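A.B. asks: Each chain, letter by letter, is given below.
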Amino acid sequence: MWKTVARHLLSRAPLPRTADPAVVKSLRERVGASRLGRSLAIRHVPAGSCNACELELRATQNLVHDLTQYGLSFTPSPRHADILLVTGVSGRNMREALLQARAAMPEPVLVVAVGDCAVDGGVFKGSPAISGGTDSVLPVDLMISGCPPSPAQIVQGLLSLIEANEFPARAVTPRR
Amino acid sequence: MILLSHEDWLAHRGRFIALWTDARHAYALYEPGELVAVELVDGAYPALPHAGAGWFQRLARDLNGHTATGATDTRPAIEHSREADGRGPWPDFKSPELEGVHQVAVGPVHAGIIEPGHFRFSVIGEKVLKLEARLGYAHKGTLGMIRGKSPRLAARFAARVSGDATVAHGTAFAHAAEAALRLEAPARAVYLRAVMAELERLANHTSDIGAIAGDAGFAFLDSRFALARERICAACAAAFGHRLMMDMVIPGGVAGDIATGGAAAILDALDALEAELPSLKRVFEDYASLQDRVVGTGIVPPSLAATYAAGGYAGRASGQTHDSRLLPGYPPYETFALYVPVEQEGDVAARIRIRLGEIPESIRLIRDMLHALPDTPIAIAPPIGSGDGLGVAESFRGPVWYWLRIESGAIADVFIADPSTLHWPLLEHAAATAILADFPLINKSINGSYSGVDL
Numbered sequence: 002m003w004k005t006v007a008r009h010l011l012s013r014a015p016l017p018r019t020a021d022p023a024v025v026k027s028l029r030e031r032v033g034a035s036r037l038g039r040s041l042a043i044r045h046v047p048a049g050s051c052n053a054c055e056l057e058l059r060a061t062q063n064l065v066h067d068l069t070q071y072g073l074s075f076t077p078s079p080r081h082a083d084i085l086l087v088t089g090v091s092g093r094n095m096r097e098a099l100l101q102a103r104a105a106m107p108e109p110v111l112v113v114a115v116g117d118c119a120v121d122g123g124v125f126k127g128s129p130a131i132s133g134g135t136d137s138v139l140p141v142d143l144m145i146s147g148c149p150p151s152p153a154q155i156v157q158g159l160l161s162l163i164e165a166n167e168f169p170a171r172a173v174t175p176r177r
Numbered sequence: 014m015i016l017l018s019h020e021d022w023l024a025h026r027g028r029f030i031a032l033w034t035d036a037r038h039a040y041a042l043y044e045p046g047e048l049v050a051v052e053l054v055d056g057a058y059p060a061l062p063h064a065g066a067g068w069f070q071r072l073a074r075d076l077n078g079h080t081a082t083g084a085t086d087t088r089p090a091i092e093h094s095r096e097a098d099g100r101g102p103w104p105d106f107k108s109p110e111l112e113g114v115h116q117v118a119v120g121p122v123h124a125g126i127i128e129p130g131h132f133r134f135s136v137i138g139e140k141v142l143k144l145e146a147r148l149g150y151a152h153k154g155t156l157g158m159i160r161g162k163s164p165r166l167a168a169r170f171a172a173r174v175s176g177d178a179t180v181a182h183g184t185a186f187a188h189a190a191e192a193a194l195r196l197e198a199p200a201r202a203v204y205l206r207a208v209m210a211e212l213e214r215l216a217n218h219t220s221d222i223g224a225i226a227g228d229a230g231f232a233f234l235d236s237r238f239a240l241a242r243e244r245i246c247a248a249c250a251a252a253f254g255h256r257l258m259m260d261m262v263i264p265g266g267v268a269g270d271i272a273t274g275g276a277a278a279i280l281d282a283l284d285a286l287e288a289e290l291p292s293l294k295r296v297f298e299d300y301a302s303l304q305d306r307v308v309g310t311g312i313v314p315p316s317l318a319a320t321y322a323a324g325g326y327a328g329r330a331s332g333q334t335h336d337s338r339l340l341p342g343y344p345p346y347e348t349f350a351l352y353v354p355v356e357q358e359g360d361v362a363a364r365i366r367i368r369l370g371e372i373p374e375s376i377r378l379i380r381d382m383l384h385a386l387p388d389t390p391i392a393i394a395p396p397i398g399s400g401d402g403l404g405v406a407e408s409f410r411g412p413v414w415y416w417l418r419i420e421s422g423a424i425a426d427v428f429i430a431d432p433s434t435l436h437w438p439l440l441e442h443a444a445a446t447a448i449l450a451d452f453p454l455i456n457k458s459i460n461g462s463y464s465g466v467d468l
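Chains W and F supply the protein sequences, listed in that same order. Counting from 2, one number per residue, gives the positions in the first sequence under the numbering used here. Counting from 14, one number per residue, gives the positions in the second sequence under the numbering used here.
Where hints are given, some of them may not hold.
Derived pair list, reagent style EDC-like, types lysine to aspartate or glutamate, alpha-carbon separation capped at 20 Å [stated by the list, open to error]: (1) K143(F) - D98(F); (2) K140(F) - E112(F); (3) K4(W) - E289(F); (4) K4(W) - D299(F); (5) K107(F) - E145(F); (6) K4(W) - D284(F); (7) K26(W) - E164(W); (8) K4(W) - E287(F); (9) K143(F) - E441(F); (10) K4(W) - D75(F).
I should point out that these hints are in silico values taken from the structure, not numbers from a laboratory. Just so you know, these numbers come straight off a predicted model, no measurement behind them.
Model the full structure from these sequences, guided by the hints.
C.D. replies: Below is the structure:
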């Protein structure tokens, strides 16, 4: 076993990844620097997904995508979280829980919708059991599309939140 | 389908799989694909005595308003009766009437990155006396979305019933549509479906074994198995253009051929997993602190698994030999002499051992199938026809059944039975044999799909 551990410690080569400058610019303009710094804790709330987005979210933490190296980590409690990350359609049965999770978070909060269902309801758009995308329940700051988005796309999207926080491009304004 | 009288409906015996209703009939499905029906009288039908029927009867009332006469369990299944603002009443969770019992509420939002569901434990100290799961949080109206669509269009919804089993759901849906339209998928498509289904099985088995170890605080196995899944998903993306192979299976065939270099990417990922598996297995078996958490935890006795006709690893770890790839069986598995491991202990460790045993078998199947890929077209267009069809495919967690009625090319009615439906009651039983701290391990080892039952 120690041989295996040693081999893999030596062979790790993380891929350099950067955020999309256009997304960063737009985030700075719309959201402003939130003064949360470069270390952000994420609270994930599944609001009615098919569990594919959860699989890929978990995969962002594996040895290849290694989300933690960028200062991003998942937290079990909304009380410690900076980012509310929502997956899935906003089902009527999850509306209350989603709002309660949001209310339990300390301000400021960044809301991220991950996956086509969270963006606008995805293939389930128009179903009477759902209210639509995450923005039918909460104001959303960043959307990461894909069905499901790959871990690389999720990491890249979340990185833009860190980049946008890097330095204030303009005076901090109330967000909404 | 056989139409029965009320007496014969009640007297029918067999391994019960699913029950559902349409406008005129109630249907019951028994292994290995025996479909019986009874006529509804004033929107009611006689409740079946099978243990597994409870959830389906509650679901039929929530979805279609049909009541099971004589049913003892009349709680809603997925209906929460919520107002427009999302508020709604909590059900009355009952605890055993003993001194010192209190309730612990968990969910619908959980600590980890998993689906939503509410668990209400009745505990004395650490000991769990009773678990009641309240589901329905992931309800998306999938059945309603499928109705009125063509089989090709509706395949997108079948692929999103449970994302971790998207290939199996797509295949079962395609089997049902093909049976209804009397259509035969070309041989190459049949092989590619099976290759994708086995890749899906590998991806889920590796990631779940790692996650169980992770829940026991053993990070090494978690990271190594997560890496194995990542390699498989990357190979799937290279071969089929999607990491989970979503929307690849369509009625009449598959949506795309395997990419140039795709087979090589898959074989490389399999080699890497095969090379590392023996040492990971040894680590799992040798670490006393890990074995201490999984051996004897969350026991599902074989008699209970038989009562619920549990399939997949949850059934096979408790002495059930059923695998829908063998019985009723579907191509191309009859060509490859499938080996299905079975254990008797029924604890978390046995479920892990079953999955560890299925990994080499899936690796062998994928290699053999890629080697023998027939040279035919990959899809034929479904004709505009009418008919009823039943379809099955073995997902990593057990058999997925689809029932379709197609009228003039559009789906008039549909029912989806994910194996999780029969596994959730097993989880409720298994959790009540352990302490609260072991629940994450038990839950992960059975790994019921929330989305797959909430529909």
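A.B. asks: Hint by hint, note whether the structure agrees.
C.D. replies: Comparing the hints with the structure gives:
1. At most 20 Å may separate the alpha-carbon atoms for a hinted pair to count; K143(F) and D98(F) exceed this at roughly 31 Å.
2. Distance check on the hinted pair: K140(F) and E112(F) sit about 13 Å apart at the alpha-carbon level, within 20 Å; holds.
3. Among the hinted pairs, K4(W) with E289(F) is consistent with the structure: their alpha-carbon atoms are about 12 Å apart, no more than 20 Å.
4. Distance restraint check for K4(W) and D299(F): the Cα-Cα separation of roughly 16 Å lies within the 20 Å cut-off, and the hinted pair is therefore satisfied.
5. Straight-line distance between C-alpha atoms of K107(F) and E145(F) comes to about 9 Å, which keeps the hinted pair within the 20 Å bound.
6. The straight-line distance between the Cα atoms of K4(W) and D284(F) is roughly 19 Å, inside the 20 Å bound, and the hint therefore holds.
7. Pair hint K26(W) plus E164(W) holds up; C-alpha atoms about 9 Å apart against a cutoff of 20 Å.
8. This hinted pair checks out: K4(W) and E287(F) have alpha carbons roughly 17 Å apart, not beyond 20 Å.
9. Of the pairs offered as hints, the one joining K143(F) and E441(F) holds, with about 7 Å between alpha carbons and a cut-off of 20 Å not exceeded.
10. Proximity of K4(W) to D75(F) is assessed by CA-CA distance (about 56 Å); at most 20 Å being required, the pair is judged violated.
Hints 1 and 10, counting from the list given before, are not met by this structure.
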